[in-house]
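Chemist: Can you make the complete structure from the sequences, with help from the hints?
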Amino acid sequence: MLVRRDPDLARGRTRRGVPRGRGDLAWSPQLEREPASDSASEGRQPRAEPGPRRRARAARQAERREGLSARHARRSAGPLLRRRPRHARLGSGRPGVLRRSAPLTPPRRRDDDVARLRETVADLERQLHELSRVARLVNERHDLATVSERIAEGVLGLLEVHSSAIRLLQPDASLTAIALGGRAKEYPSNRDTVPAGVGLVGRAAVEGRPMWTEDIRTDPRFQMTPQMHERNAAVGIVAGLAVPLRVTGRVIGVLSVGSPTPRAFTEAEIALLQSFADQAAVAINNAQTQQVLATQAERLRILHEIDQALIAQQAPEAIAEAVVRPLRELLGIPRVIVNIFDITAGQVQWLAAAGRHRVYAGPDIRYSLQLAGNVDALSRGEPQIIDVGALPPSAEAEALLASGVRVYMVVPMIAGGELIGSISLGAAAEPFPPEQVGIAREAAAQLAIAITQARLLERVKRQAAELEQRVAERTRELSAATAEADRANQAKSEFLSRMSHELRTPLNAILGFAQLLELDAESSEQQESVGQILRAGRHLLGLINEILDISRIEAGRLQLSLEPVPVHETIRQAIDLVQPSAVDAHVTVRSDAIDARLHVLADRQRLQQVLLNLLSNGVKYNRESGAVTVLCVEVAGGRLRIDVTDTGQGIAADKLERLFTPFDRLGAESSAVEGTGLGLALSKSLLEAMGGTLHVQSEVGVGCTFSLDLALVPGPSERVPPAAARPPEVTEMRPREPQKILYIEDNLSNLALVEGILARRPGTTVLSAMQGRVGVNLARDHQPALILLDRHLPDIPGEEVFRLLRADERTRDIPVIVLSADAMSSRMRQFLDGGVRAYLTKPLDVPALLAAIDETLREEARLDPS
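Heads up, the sequence shown is in numbering that gives the first Met the number 0, so the first residue is 0 and it goes up one at a time.
Derived by calculation from the structure, the hints in this document are not laboratory data.
Derived DMTMM-like pairs: lysine to aspartate or glutamate, alpha-carbon spacing no greater than 25 Å straight-line: (1) Lys739 with Glu854; (2) Lys184 with Glu213; (3) Lys739 with Asp794; (4) Lys654 with Glu698; (5) Lys654 with Glu623; (6) Lys654 with Asp708; (7) Lys739 with Glu808; (8) Lys460 with Asp306; (9) Lys739 with Glu798; (10) Lys460 with Glu476; (11) Lys739 with Glu799; (12) Lys184 with Asp277.
Modeler: Structure (structure tokens):
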């Protein structure tokens with residue numbers, strides 16, 4: 000039979016006029032380039048293809064000749080052939096289309112040709128089926144094992160071979176089998192490995208092209224290891240074909256097939272297997288990618304679970320317990336143990352474990368550090384692989400063997416450069432892959448940090464608890480001491496208040512009546528006697544006031560009103576006050592020129608008190624015809640230093656420290672100068688309370704210099720005096736006849752004193768009450784112009800009397816002046832804030848009392864001129 004190229008068919012035309020069933024076999028290259036298709040589904044077809052009527056007629060004839068079904072006849076009548084028929088070997092080895100161009104073949108031979116064509120079509124359909132099945136695997140989601148097994152089984156029928164294998168390329172260029180088909184499943188180990196470049200498979204991977212042999216046993220081109228010869232002999236592989244699995248030009252593995260007899264693989268078969276392998280490579284690569292993504296997702300999930308456990312737990316045992324289970328699940332190994340090392344004791348403490356067989360239970364288990372391997376290597380961060388069978392005989396080793404652990408890896412936990420423990424991974428016998436080692440090392444690093452922080456937190460909590468306990472104990476002690484101090488301070492305050500009251504009450508009578516006597520004294524002798532009484536009484540009053548001031552400072556209850564105070568004016572006033580005593584002592588008191596713009600931050604009254612004390616001391620302890628000089632100097636830091644220098648006898652250096660000690664009067668035994676020993680101590684305390692300091696320098700025989708310093712501040716802005724802006728309105732006071740003044744006081748001497756003072760005011764009638772409630776009733780009935788009120792009354796305190804007066808509409812507007820021996824500032828502030836017109840302390844200063852009474856009555860007359 001002549002096979003020739005038909006130019007008409009090559010151009011898509013048919014040859015007309017040739018009798019059907021006769022002629023040569025012609026081959027068309029057009030269909031070599033086009034895929035097979037069902038002519039019924041393609042619509043319009045090239046003229047080279049027979050029409051439906053011709054195909055149907057050919058099918059009926061074939062059915063009558065061969066007794067085939069109409070379906071098989073229609074399928075075999077198609078002119079499209081994708082592979083070269085076995086009975087017609089073309090020169091190029093390419094598929095073609097066979098048709099008759101001349102009636103050259105007898106009927107019997109035509110029947111043989113049809114049979115061969117049918118066989119060829121069946122082969123092609125089988126090949127198409129396997130190729131399409133591989134193509135479907137590309138788009139389907141399957142695991143790598145399933146995809147590989149289907150490919151390995153499917154390739155067997157593709158080339159009618161008895162064994163197949165899929166091997167993937169490893170990092171070391173070797174190839175490891177992942178799926179075996181046919182007789183290859185009988186290999187001694189399904190983890191079959193082929194070294195790089197060895198044998199048919201190794202060459203195909205290295206060179207990246209198909210490799211085949213008719214007989215591997217005698218082919219000198221392919222060298223194999225003894226194990227490979229043994230394996231091929233066991234399975235019966237003689238002929239072999241291996242093609243690379245390629246993805247985007249990169250070789251990822253090899254697909255190989257084997258035949259039990261010598262066989263020459265044709266170019267078409269090689270091309271077919273390569274085409275099959277190309278699609279298989281895509282499916283395998285997709286499965287690998289899906290598997291990697293799934294593994295990574297699972298790894299991230301478990302790592303997230305571990306991270307959450309590390310964050311949520313605080314105790315080392317709880318952290319270890321929360322981590323071992325997901326870590327074992329992630330690594331896929333039988334056992335995971337978290338240990339803590341006690342290097343000093345040479346012991347390992349078990350914190351937590353997870354696995355099928357629990358050897359120990361509980362964190363109190365301890366065993367020898369030798370079971371952890373080389374400690375020095377662990378300290379360097381090197382994991383240790385321990386063969387349980389090689390360990391010295393011990394209960395721990397026997398327990399490990401009994402639990403199925405034959406080998407374990409110890410991964411060090413290092414925090415801050417210190418080896419604190421390990422993660423032990425137990426396995427049956429296989430080595431640990433690098434991926435497992437990497438995950439274990441990462442987990443060990445995280446665990447080391449978490450456990451170290453947890454242990455540090457435990458230590459901090461323990462120390463905090465101990466500290467809290469000590470603080471609580473100390474607090475209780477301090478609370479008890481504070482309570483005791485408060486009680487002592489309260490007792491002291493009550494004592495001082497009582498002492499102030501008890502001392503001021505008799506002093507009030509002494510000084511008050513002495514002032515009246517001074518007003519009525521007719522002779523100089525009487526005036527001198529009264530003057531002695533007044534000086535002694537005022538000295539005692541000064542002592543009482545200083546004691547009260549010191550007690551207030553010590554108790555932190557001293558109230559100061561800090562404001563810009565003019566220095567020049569304050570010093571001038573202090574010098575004016577001390578000038579009479581200086582004249583009597585023949586001492587000159589002077590000050591250098593002081594800038595009138597200088598102001599310091601201080602309490603005006605207290606600053607004048609300090610200056611007056613220093614000037615008085617300078618006068619008292621000076622020599623006759625001596626001098627006291629005041630000098631102001633601006634110093635660094637925005638401060639002003641005021642120096643008070645005297646020309647007295649001076650003080651020895653070893654006695655200067657005692658100068659500011661209360662009640663310590665230096666040289667009092669040899670001096671006739673009166674003093675309390677409180678003035679300098681009080682002055683120093685007052686200055687410190689105002690943010691200043693007080694220092695002294697002295698030279699025996701020359702004198703002393705007391706230096707005080709305070710902060711300089713800007714002075715207040717200039718203001719227009721009220722008199723310049725608007726003259727005050729003067730309201731003529733027409734006093735009521737007579738004016739009633741109610742004095743609520745339980746002390747008869749105080750009553751007599753006030754009555755004697757007010758007797759000097761004509762037109763004034765004094766009403767008296769010795770009890771608070773009686774005084775309230777008198778106020779309601781008589782409506783006095785002014786009420787003088789004492790704090791300490793026998794029935795109710797003065798505060799309650801004042802409240803009752805304010806609560807009654809009949810007495811609400813009557814002005815009240817408090818006369819009390821209680822000089823505590825808190826008491827004074829309480830009454831002044833409540834609305835009293837003035838608070839005068841006993842002993843009373845007669846002129847001050849008269850001035851307060853006159854001012855109050857004058858104010859009332861202005862408000863109510865009727």
